[in-house]
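*Asks:* Residue numbers (our numbering), protein chains in the order written: chain A, 2 to 678; chain B, 818 to 900.
Hints in this document: simulated from the structure, not taken from any laboratory. The structure displayed is predicted, hence computed values, not measured ones. We put the CB at the ideal spot given by N, CA and C, even for glycine. Watch out, some of these pointers could steer you wrong.
Computed Cβ-Cβ distance ranges for the label pairs, DEER-style [to be verified]:
1. A:Thr243 x B:Ser832: 51 to 59 Å
2. B:Pro845 x A:Gln273: 30 to 38 Å
3. B:Ser832 x A:Gly497: 25 to 33 Å
4. B:Pro827 x A:Asp197: 25 to 33 Å
5. B:Pro845 x A:Ser466: 21 to 29 Å
6. B:Pro845 x A:Leu341: 56 to 64 Å
7. A:Asp197 x B:Glu835: 31 to 39 Å
8. B:Pro845 x A:Val172: 50 to 58 Å
9. B:Ser832 x A:Phe212: 49 to 57 Å
Covered by chain B, per the in silico footprint, the following chain A stretches (three or more residues, Cβ under 8 Å) [stated by the list, open to error]:
10. 263-273
11. 502-510
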Amino acid sequence: MTACHEVVNPDLMVSIKDGSYLVALAGQPNMGKSTIFNNLTGLNQHVGNWPGKTIDRCSGQFHFAGKEITLIDLPGTYSLTANSPEEIIAREFILRERPDVVVAVVSAANLERSLYLVSELITLKAPLIVALNMMDVAEQEGLRVDTDALERTLGVPVVPMTATRSTGTSVLQKVLDQTLLRELKPNPVVPDIRSDHRQIVDELLSEISGFIPIPYPSEWIAFKLLEGDHEITRLMQAQLPTERWETVQTILKAHEDAFLAIVSARYEWIEQLIRVSVIHPRLGQIGITDRLDRWAAHPFWGLAILASILGLVFELTFSIGVPVQSWLAHQLIAPLTSSLSSILGGAPVWLDSQVINGVMGGVGAVVSFLPIMVIFFAAFGLLEDMGYMARAAYVMDNLMHMMGLHGKSFLPLFLGFGCNVPAVMGARTIDSRPARLLTILVAPLIPCTARMAVVAFLAPAFFGSQAILVTWGLVILSVGMLVASGALLNQVLFKGQRSAFIMEMPLYHIPNGRTIGLLVWQRSLSFLKKAGTTILAISIGVWALSVLPGGSLQTSYLAQLGHFLEPVGRWMGLDWRLTVALLTSFMAKENAVATLGVLFGAGGSSLAQQLAATYSMASALSFLTVSILFIPCAATVAVVRQETGSWRWTLLNISFMLALSVGAASMVYAVASRIGM
Amino acid sequence: MPHGTHFYSPLTELSSGERAVIFQFNIPNTTVNRLLSLGFTPGVEISMMQNYGRGPLVVVVRGTRVALGRSEALGILVNRRYQ
Numbered sequence: 002m003t004a005c006h007e008v009v010n011p012d013l014m015v016s017i018k019d020g021s022y023l024v025a026l027a028g029q030p031n032m033g034k035s036t037i038f039n040n041l042t043g044l045n046q047h048v049g050n051w052p053g054k055t056i057d058r059c060s061g062q063f064h065f066a067g068k069e070i071t072l073i074d075l076p077g078t079y080s081l082t083a084n085s086p087e088e089i090i091a092r093e094f095i096l097r098e099r100p101d102v103v104v105a106v107v108s109a110a111n112l113e114r115s116l117y118l119v120s121e122l123i124t125l126k127a128p129l130i131v132a133l134n135m136m137d138v139a140e141q142e143g144l145r146v147d148t149d150a151l152e153r154t155l156g157v158p159v160v161p162m163t164a165t166r167s168t169g170t171s172v173l174q175k176v177l178d179q180t181l182l183r184e185l186k187p188n189p190v191v192p193d194i195r196s197d198h199r200q201i202v203d204e205l206l207s208e209i210s211g212f213i214p215i216p217y218p219s220e221w222i223a224f225k226l227l228e229g230d231h232e233i234t235r236l237m238q239a240q241l242p243t244e245r246w247e248t249v250q251t252i253l254k255a256h257e258d259a260f261l262a263i264v265s266a267r268y269e270w271i272e273q274l275i276r277v278s279v280i281h282p283r284l285g286q287i288g289i290t291d292r293l294d295r296w297a298a299h300p301f302w303g304l305a306i307l308a309s310i311l312g313l314v315f316e317l318t319f320s321i322g323v324p325v326q327s328w329l330a331h332q333l334i335a336p337l338t339s340s341l342s343s344i345l346g347g348a349p350v351w352l353d354s355q356v357i358n359g360v361m362g363g364v365g366a367v368v369s370f371l372p373i374m375v376i377f378f379a380a381f382g383l384l385e386d387m388g389y390m391a392r393a394a395y396v397m398d399n400l401m402h403m404m405g406l407h408g409k410s411f412l413p414l415f416l417g418f419g420c421n422v423p424a425v426m427g428a429r430t431i432d433s434r435p436a437r438l439l440t441i442l443v444a445p446l447i448p449c450t451a452r453m454a455v456v457a458f459l460a461p462a463f464f465g466s467q468a469i470l471v472t473w474g475l476v477i478l479s480v481g482m483l484v485a486s487g488a489l490l491n492q493v494l495f496k497g498q499r500s501a502f503i504m505e506m507p508l509y510h511i512p513n514g515r516t517i518g519l520l521v522w523q524r525s526l527s528f529l530k531k532a533g534t535t536i537l538a539i540s541i542g543v544w545a546l547s548v549l550p551g552g553s554l555q556t557s558y559l560a561q562l563g564h565f566l567e568p569v570g571r572w573m574g575l576d577w578r579l580t581v582a583l584l585t586s587f588m589a590k591e592n593a594v595a596t597l598g599v600l601f602g603a604g605g606s607s608l609a610q611q612l613a614a615t616y617s618m619a620s621a622l623s624f625l626t627v628s629i630l631f632i633p634c635a636a637t638v639a640v641v642r643q644e645t646g647s648w649r650w651t652l653l654n655i656s657f658m659l660a661l662s663v664g665a666a667s668m669v670y671a672v673a674s675r676i677g678m
Numbered sequence: 818m819p820h821g822t823h824f825y826s827p828l829t830e831l832s833s834g835e836r837a838v839i840f841q842f843n844i845p846n847t848t849v850n851r852l853l854s855l856g857f858t859p860g861v862e863i864s865m866m867q868n869y870g871r872g873p874l875v876v877v878v879r880g881t882r883v884a885l886g887r888s889e890a891l892g893i894l895v896n897r898r899y900q
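Input sequences plus hints: build the corresponding full structure.
*Replies:* This is the structure we're talking about:
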């Protein structure tokens with residue numbers, strides 16, 4: 002074909018490169034973008050980070066009609082104004098990487114809102130395809146969308162889809178192919194500017210033209226300046242000579258309200274599109290979402306429902322996850338350890354011992370937590386995909402306010418009950434940096450399953466039938482400490498500032514097994530990767546301290562440290578052995594029990610008996626308190642470092658928790674020994 | 818209530834089920850920008866879904882349910898023409 006001679010608008014030209022193409026998938030949150038991404042790429046995807054940012058970057062490959070297509074899943078954004086790092090990533094990608102096509106995912110059930118991003122995307126140079134997803138939900142809500150009319154009025158291809166049922170994927174591929182081959186002649190209709198604003202834009206353009214860095218389109222820059230976009234404002238301030246910048250500022254000052262007019266013009270453009278393409282249902286009907294929300298988002302019943310769901314997840318964790326975990330530990334990790342040790346029989350002792358104890362002890366322990374994590378990830382994914390998680394965040398908002406956070410921070414903290422590692426990583430979904438940092442700093446105070454395992458072993462040994470009471474007391478103590486620390490840290494570090502709570506409450510819908518499955522798969526994979534890299538390194542380090550120089554724990558550097566720290570331990574009623582046990586819990590929390598096993602030369606119930614005979618109840622209670630509040634484990638420290646991007650915050654986190662745990666345990670010991678425990 | 822004049826009040830004063838029209842914003846521009854991209858523009862109809870007098874509230878704007886913190890809602894002035 003000879004399309005290249007017929008191209009009307011050269012800006013819309015698609016570059017042809019040896020059959021490989023770059024396609025970006027854009028869309029607002031809750032539009033089913035990930036499901037479309039999964040449908041197109043299957044398991045052939047890679048999750049990484051955007052350079053310099055802690056935001057997931059998903060890319061994948063697929064082949065269609067002899068073409069190799071690299072699909073980039075841009076972060077979900079409501080607009081292209083720099084309200085958050087996600088928006089900057091999305092627009093910088095489209096402007097700088099020049100994808101051959103941008104696919105904009107919109108929801109047929111919520112066209113008015115979701116077309117807003119399209120109103121911005123359509124002004125950029127990249128060829129656009131609109132994927133009109135959630136046709137089934139629209140139908141349920143009684144909405145009828147005339148796809149052809151929408152396509153005609155927009156001037157770009159529109160593909161109706163129901164991604165959860167994989168409908169429309171092949172049509173999307175075909176339209177993508179036609180767009181790449183330039184078989185279609187798009188004629189995008191962009192939002193109009195009112196004439197009075199046209200004049201302002203022209204005024205701005207005459208000041209800034211010639212100073213606009215590649216690859217930014219000049220009119221786009223003018224609009225972003227009027228919208229008060231701080232990134233673009235900063236960029237142009239740096240580009241322009243001082244006098245010109247002052248003139249620009251005078252223009253902007255005189256039209257401070259222009260951003261309202263620009264946004265309103267986009268919505269007027271959307272309203273026109275809706276008028277020709279959507280037939281609205283009878284009004285006044287109460288949808289399923291409203292009916293469910295009367296309970297799920299009720300200030301009292303909502304909390305009760307959330308508590309029951311959490312209870313159910315814990316129940317599942319302990320009835321399925323824990324047995325599978327111990328099965329893994331005994332049937333997989335232990336035999337692997339012993340077969341490794343027989344293979345390494347001829348190797349030097351240091352290597353043998355390093356592999357067995359350092360690697361298998363640390364990493365093996367973390368890996369054996371995978372079943373528990375899978376349950377948590379699956380529960381989380383299911384609740385998220387159904388649309389429930391926004392309700393959980395909403396009903397928790399009041400409580401989270403006490404620590405200067407808002408409802409959204411509750412979601413990663415929930416994961417923390419399984420393991421603190423994904424809790425810290427999950428904080429990346431929180432939009433403001435202070436709130437994100439604060440969430441990361443308090444996340445390690447959530448009692449994870451590993452710490453609960455230590456409590457579950459020691460509490461019955463000392464407290465018999467009262468063990469359950471002690472356990473609950475410790476959980477309540479941790480959560481109380483979390484709230485108090487959050488409030489304190491917010492006052493001290495962030496001057497009590499509070500970020501705005503604005504969150505979409507998506508419609509409830511039937512969860513998609515495939516989406517949840519892939520989510521569990523990716524999160525588990527990244528958890529395992531972490532275990533294979535950072536956790537491995539730190540495990541070997543901590544292990545080395547526990548065997549060097551003599552080769553046994555009793556005479557190791559760690560034991561020496563334990564003896565050295567014994568005076569501190571004494572405040573809490575701990576002897577050097579309990580102190581060493583506490584120190585080894587840094588490698589992995591459940592190591593505390595294993596270390597006591599080594600030091601007492603016993604295991605299981607005989608260890609429990611020996612401990613009960615050796616220590617007073619006051620010491621035991623104090624040890625449990627300090628264990629549950631102690632510094633985050635090595636794996637958590639590693640991700641705190643990664644997610645905050647700074648050792649300062651990491652060290653602050655460690656020292657804060659150290660002070661908190663030692664302080665709390667000392668107090669517990671003082672009170673408990675006074676009342677004669 | 819005065820005749821023929823409009824009645825402006827913060828969004829927090831609407832009770833569940835009540836509708837109004839957004840009049841203007843009295844919150845930092847960064848927050849306004851986020852609201853704008855969710856469809857909260859002056860002149861648009863807003864319906865209160867849930868307002869229990871304290872804590873966050875839920876509104877519907879342009880067919881989208883949005884949860885708002887109470888302090889954000891205080892800075893959104895609405896015109897209760899349906900009164």
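*Asks:* Now look at each hint and say whether the structure bears it out.
*Replies:* Structure-based check of all given hints:
1. Look at Thr243 (chain A) against Ser832 (chain B): about 53 Å separates their beta carbons, and that is inside 51 to 59 Å.
2. Evaluation of the 30 to 38 Å hint for Pro845 (chain B) and Gln273 (chain A) yields a pass: the beta carbon distance comes to about 31 Å.
3. Checked against the hint of 25 to 33 Å, the pair Ser832 (chain B) and Gly497 (chain A) passes, with Cβ atoms roughly 30 Å apart.
4. Restraint check, Pro827 (chain B) to Asp197 (chain A): a C-beta distance of roughly 30 Å satisfies the suggested window 25 to 33 Å.
5. Distance hint check: the CB atoms of Pro845 (chain B) and Ser466 (chain A) are about 56 Å apart, inconsistent with the given range 21 to 29 Å.
6. For the pair Pro845 (chain B) and Leu341 (chain A), the supplied restraint of 56 to 64 Å holds, since their beta-carbon distance comes to about 59 Å.
7. Between Asp197 (chain A) and Glu835 (chain B) the Cβ separation comes to about 35 Å, which falls inside the hinted range of 31 to 39 Å.
8. Against the hinted window of 50 to 58 Å, the Cβ-Cβ separation of Pro845 (chain B) and Val172 (chain A) comes to about 44 Å, which falls outside the hint.
9. One distance hint, 49 to 57 Å for the beta-carbon pair Ser832 (chain B) and Phe212 (chain A), holds here, with the actual separation near 52 Å.
10. Given as covered by chain B, the region 263-273 of chain A passes the check, having 3 residues with a CB less than 8 Å from a CB of that chain where 3 are the minimum.
11. Counting residues of the region 502-510 of chain A whose CB falls under 8 Å from any CB of chain B gives 7; the rule of at least 3 is met.
Hint check: violations occur at hints 5, 8; the rest are consistent with the structure.
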